[in-house]
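**Student:** Sequence:
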Amino acid sequence: MFDRNKDKQQDKPETSGSAAPAAESSYSSAPRPAAASSGKSATLGATIKVKGDISGDENLMIEGQVEGTVNLASHELTVGKSGKVHADVTAKVIRIDGEVHGDITGKEKVFVSSTSNIKGNIITPKMTLEEGARFKGTIDIDPSHANGSSPVASLKSGTPTDKTS
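Residue numbers (the UniProt record's numbering): 1 to 165.
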């Protein structure tokens, strides 16, 4: 009953090897979520609360609550709409859809969506800030920060040049 299409495929003679690759390419061309791009990813669900330091060698999606630090310098971090992070955050690529209170260091890029609420400083070489996002802090966009040469601490000790309330 459920294998109707399977039986039809077995009845058809194979004329060329192009049918199977075409089907495979349609699956591979479909867009994938950012967190799945490296093959390894973890999710902290909406009911999970973590206090302490988080580090790892895979992408992370936070839908719950985190207090402490998050360090994924070679990977992607996503703070989902229900995510609440009270921590300093470092990752290769950071996407914020929820709430972050702390300093944010994106080694390659930071994306702040319209649903986000951020209180803290952001350092990154590239950034997207959508209309409607709530942000209070400083933003330092400088390609030299991609190497991690200027920590967030320098913003705290120096005079910030850009302020957004």
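Rather than coming from a laboratory, the hints here were simulated on the basis of the structure. Be aware that one or more of the hints could be misleading.
As the list claims (entries may be wrong) - Calculated lysine to aspartate or glutamate pairs in the DMTMM-like style (CA-CA distance at most 25 Å, straight line):
1. Lys-136 to Glu-67
2. Lys-84 to Glu-58
3. Lys-84 to Asp-57
4. Lys-84 to Glu-108
5. Lys-81 to Glu-58
6. Lys-126 to Asp-140
7. Lys-126 to Glu-99
8. Lys-81 to Glu-99
9. Lys-109 to Glu-63
10. Lys-126 to Glu-58
11. Lys-84 to Asp-53
12. Lys-109 to Asp-53
13. Lys-126 to Asp-57
14. Lys-136 to Asp-57
15. Lys-92 to Glu-58
16. Lys-40 to Asp-142
17. Lys-40 to Glu-58
18. Lys-51 to Glu-63
19. Lys-51 to Glu-131
20. Lys-81 to Glu-131
21. Lys-136 to Glu-108
22. Lys-40 to Glu-67
23. Lys-109 to Glu-131
24. Lys-92 to Glu-108
25. Lys-109 to Glu-130
26. Lys-136 to Glu-99
27. Lys-92 to Glu-131
28. Lys-81 to Asp-53
29. Lys-49 to Glu-63
30. Lys-109 to Glu-99
31. Lys-84 to Asp-140
32. Lys-92 to Glu-63
33. Lys-92 to Asp-142
34. Lys-136 to Glu-58
35. Lys-92 to Glu-130
**Student:** Now tell me, hint by hint, if it's right for this structure.
**Tutor:** Now the hints, each set against the structure:
Restraint check: the Cα-Cα separation between Lys-136 and Glu-67 comes to about 19 Å, which is no more than 25 Å; the hinted pair holds. A C-alpha spacing of about 20 Å is found between Lys-84 and Glu-58, which places the hinted pair at or below 25 Å, so the restraint holds. For the hint pairing Lys-84 with Asp-57, the CA-to-CA distance comes to about 22 Å; that is within 25 Å, so the pair holds. Among the hinted pairs, Lys-84 with Glu-108 is consistent with the structure: their alpha-carbon atoms are about 22 Å apart, no more than 25 Å.
For the hint pairing Lys-81 with Glu-58, the CA-to-CA distance comes to about 20 Å; that is within 25 Å, so the pair holds. With a CA separation close to 10 Å, the supplied pair Lys-126 and Asp-140 stays within the 25 Å bound. Distance check on the hinted pair: Lys-126 and Glu-99 sit about 20 Å apart at the alpha-carbon level, within 25 Å; holds. The straight-line distance between the Cα atoms of Lys-81 and Glu-99 is roughly 8 Å, inside the 25 Å bound, and the hint therefore holds.
A hinted pair counts as satisfied when its Cα atoms are at most 25 Å apart, and Lys-109 with Glu-63 qualifies at roughly 20 Å. A C-alpha spacing of about 21 Å is found between Lys-126 and Glu-58, which places the hinted pair at or below 25 Å, so the restraint holds. The hinted pair formed by Lys-84 and Asp-53 meets the criterion: a straight-line CA distance of about 15 Å does not exceed 25 Å. At most 25 Å may separate the alpha-carbon atoms for a hinted pair to count; Lys-109 and Asp-53 meet this at roughly 22 Å.
Taking the CA atoms of Lys-126 and Asp-57, the gap is about 22 Å. The hint holds against a cut of 25 Å. This hinted pair does not check out: Lys-136 and Asp-57 have alpha carbons roughly 30 Å apart, beyond 25 Å. Annotation: proposed proximity of Lys-92 to Glu-58 holds, straight-line Cα distance about 11 Å (limit 25 Å). Under the criterion of a C-alpha separation no larger than 25 Å, the hint pairing Lys-40 with Asp-142 is inconsistent with the structure, at around 29 Å.
A C-alpha spacing of about 5 Å is found between Lys-40 and Glu-58, which places the hinted pair at or below 25 Å, so the restraint holds. For the given pair, Lys-51 sits about 14 Å from Glu-63 by alpha-carbon distance, which is consistent with the 25 Å threshold. Distance restraint check for Lys-51 and Glu-131: the Cα-Cα separation of roughly 31 Å exceeds the 25 Å cut-off, and the hinted pair is therefore not satisfied. This hinted pair checks out: Lys-81 and Glu-131 have alpha carbons roughly 16 Å apart, not beyond 25 Å.
Between the alpha carbons of Lys-136 and Glu-108 the distance comes to roughly 21 Å, so the proposed pair stays at or under 25 Å and holds. For the proposed pair Lys-40 and Glu-67, the alpha carbon gap of about 23 Å is at most 25 Å, so the pair holds. A threshold of 25 Å between alpha carbons decides the hint, and for Lys-109 with Glu-131 the separation of about 17 Å falls inside it, so the pair holds. Proximity of Lys-92 to Glu-108 is assessed by CA-CA distance (about 5 Å); at most 25 Å being required, the pair is judged to hold.
Our distance criterion of 25 Å between C-alpha atoms is met by Lys-109 and Glu-130, whose separation comes to about 14 Å. Under the criterion of a C-alpha separation no larger than 25 Å, the hint pairing Lys-136 with Glu-99 is consistent with the structure, at around 12 Å. Distance hint between Lys-92 and Glu-131 is fulfilled; the C-alpha atoms sit about 23 Å from each other, no more than 25 Å. With a C-alpha separation of about 21 Å, the suggested pair Lys-81 and Asp-53 falls inside the 25 Å cut-off, and the hint holds.
The straight-line distance between the Cα atoms of Lys-49 and Glu-63 is roughly 10 Å, inside the 25 Å bound, and the hint therefore holds. Using a Cα cut-off of 25 Å, the hinted pair Lys-109 and Glu-99 holds, with the two alpha carbons roughly 18 Å apart. For the suggested pair Lys-84 and Asp-140, the alpha carbons sit about 23 Å apart, so the restraint of at most 25 Å is met. A distance of roughly 19 Å separates the Cα atoms of Lys-92 and Glu-63; the hinted pair therefore holds under the 25 Å criterion.
For a cut-off of 25 Å, the pair hint linking Lys-92 to Asp-142 stands: about 15 Å separates their Cα positions. With a CA separation close to 29 Å, the supplied pair Lys-136 and Glu-58 exceeds the 25 Å bound. A hinted pair counts as satisfied when its Cα atoms are at most 25 Å apart, and Lys-92 with Glu-130 qualifies at roughly 20 Å.
This entry does not satisfy hints 14, 16, 19 and 34, going by the numbered hints stated previously.
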